[in-house]
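**Student:** Chain residues, written in single-letter form:
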Amino acid sequence: MNAAMVIFVLAGCVVLAGLLASVIVGMAPASPELALAVAAHLDNSGVTHPVTAVLLNFRAYDTLLEVAVMLLAPVIALMLPLPPGAVVAHAPRDPVLHALTRAALPLALLVAVFLLLVGATRSGGAFQAAAVLAGAGVLLGLTWNLSPLALTGRCGGRALLALGLAVFLAVGVLGAWLGSGFLGYPPELAGVLILVVETALMLSIAFALWALFP
Amino acid sequence: MSSNLPHALVGVVLLFMGLAAFLLHAHLLRRLIAFNVMGGGVFLVLLALAPGHGPAGADPVAQALILTGIVVSVAATGLALALARQLYRLTGRMTLDDEEPDERR
Numbered sequence: 001m002n003a004a005m006v007i008f009v010l011a012g013c014v015v016l017a018g019l020l021a022s023v024i025v026g027m028a029p030a031s032p033e034l035a036l037a038v039a040a041h042l043d044n045s046g047v048t049h050p051v052t053a054v055l056l057n058f059r060a061y062d063t064l065l066e067v068a069v070m071l072l073a074p075v076i077a078l079m080l081p082l083p084p085g086a087v088v089a090h091a092p093r094d095p096v097l098h099a100l101t102r103a104a105l106p107l108a109l110l111v112a113v114f115l116l117l118v119g120a121t122r123s124g125g126a127f128q129a130a131a132v133l134a135g136a137g138v139l140l141g142l143t144w145n146l147s148p149l150a151l152t153g154r155c156g157g158r159a160l161l162a163l164g165l166a167v168f169l170a171v172g173v174l175g176a177w178l179g180s181g182f183l184g185y186p187p188e189l190a191g192v193l194i195l196v197v198e199t200a201l202m203l204s205i206a207f208a209l210w211a212l213f214p
Numbered sequence: 001m002s003s004n005l006p007h008a009l010v011g012v013v014l015l016f017m018g019l020a021a022f023l024l025h026a027h028l029l030r031r032l033i034a035f036n037v038m039g040g041g042v043f044l045v046l047l048a049l050a051p052g053h054g055p056a057g058a059d060p061v062a063q064a065l066i067l068t069g070i071v072v073s074v075a076a077t078g079l080a081l082a083l084a085r086q087l088y089r090l091t092g093r094m095t096l097d098d099e100e101p102d103e104r105r
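From first to last, the protein sequence lines are chains A and B. For the record, in the first sequence the residue sitting at position 205 is 205 according to our numbering, with numbers rising by one throughout. For the record, in the second sequence the residue sitting at position 104 is 104 according to our numbering, with numbers rising by one throughout.
Don't take each hint at face value.
Residues from chain B that face chain A, not an exhaustive set, calculated with beta carbons under 7 Å [stated by the list, open to error]:
1) Leu-23
2) Thr-68
3) Arg-89
Keep in mind the hints are simulated off the structure, nothing from the lab. In this text, a Cβ means the ideal position worked out from N, Cα and C, and glycines have one as well.
Construct the entire structure; sequences and hints are all you get.
**Tutor:** Dropping the structure here:
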């Protein structure tokens with residue numbers, strides 16, 4: 001990559017950035033009709049936090065597809081075979097690391113469950129809890145060499161990966177069967193259904209993120 | 001022109017800084033980080049352009065879409081890291097074949 005290419009790329013990026021900035025500056029402010037619609041229907045959604053309501057009730061279809069896309073990553077990453085002669089890191093016999101993990105893991109579990117349950121009223125929810133759980137899982141792997149598939153076995157691992165998507169689909173079909181349309185929830189059951197879906201999603205996504213780091 | 005203009009402009013700067021870094025670096029990890037910076041810039045622009053109303057602050061639909069985007073980008077980053085590590089294990093390099101490594105691994 002010689003100097004001419006570098007200058008060309010940089011100049012092109014500056015020009016495009018200026019173009020995009022001028023477009024944004026010239027835009028008229030958008031009307032807040034979506035936020036108003038969310039606020040108007042929040043009481044029927046089963047949760048009181050607007051972002052959770054949008055994610056798991058009003059636009060549940062987007063979340064369903066997102067979970068399906070997310071499951072592709074560990075499926076592909078787990079298919080990669082270990083090449084012959086590859087060096088795999090082993091857990092160091094470090095007392096500080098062991099003590100830290102013993103202290104941090106129960107706290108991580110508590111924080112994850114708290115984040116899952118508080119998602120109904122404040123910022124939180126399944127994805128944040130899954131991220132904390134995945135971090136705890138990586139810490140497990142670093143300290144005791146525990147790989148995710150060793151903990152659950154291959155069949156258990158596959159079942160856990162599919163659990164979130166399966167439960168979400170099942171709840172969606174249940175909503176259709178109860179008369180609210182696919183992925184629609186009857187308002188009196190919405191809170192419970194959202195909690196069930198979020199729990200399954202938390203377990204599944206935490207395992208998916210952990211399985212990306214064997 | 002909205003009241004979130006500084007955020008939108010910072011998002012634009014991040015987007016094109018990430019793009020320039022993505023194009024100019026050959027090392028795969030640096031490209032991955034540049035790609036994530038681009039993603040951050042896009043999310044910032046999206047959030048800055050969405051109007052907010054009421055106690056939620058920013059637009060909840062935009063927040064939900066960006067949360068979806070962040071989760072998908074995290075999964076994609078994990079997959080890209082796994083693929084890059086496999087490339088390193090198979091070939092010992094962290095750049096793609098047709099490019100010269102411009103810095104040490």
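**Student:** So, as I understand it, the hint says B/Leu-23 touches chain A; can you test that by seeing if any CB pair is closer than 7 Å?
**Tutor:** Holds - the Cβ of B/Leu-23 comes within 7 Å of chain A, reaching about 5 Å at its closest.
**Student:** Was the hint right that B/Arg-89 lines chain A, CB cutoff 7 Å?
**Tutor:** 5 Å, holds
**Student:** Close enough to count: is the Cβ of B/Thr-68 nearer than 7 Å to one in chain A?
**Tutor:** Where the cut-off is 7 Å and the nearest Cβ of chain A is about 5 Å from B/Thr-68, the hint holds.
In terms of the numbered hints stated before, the structure departs from none.
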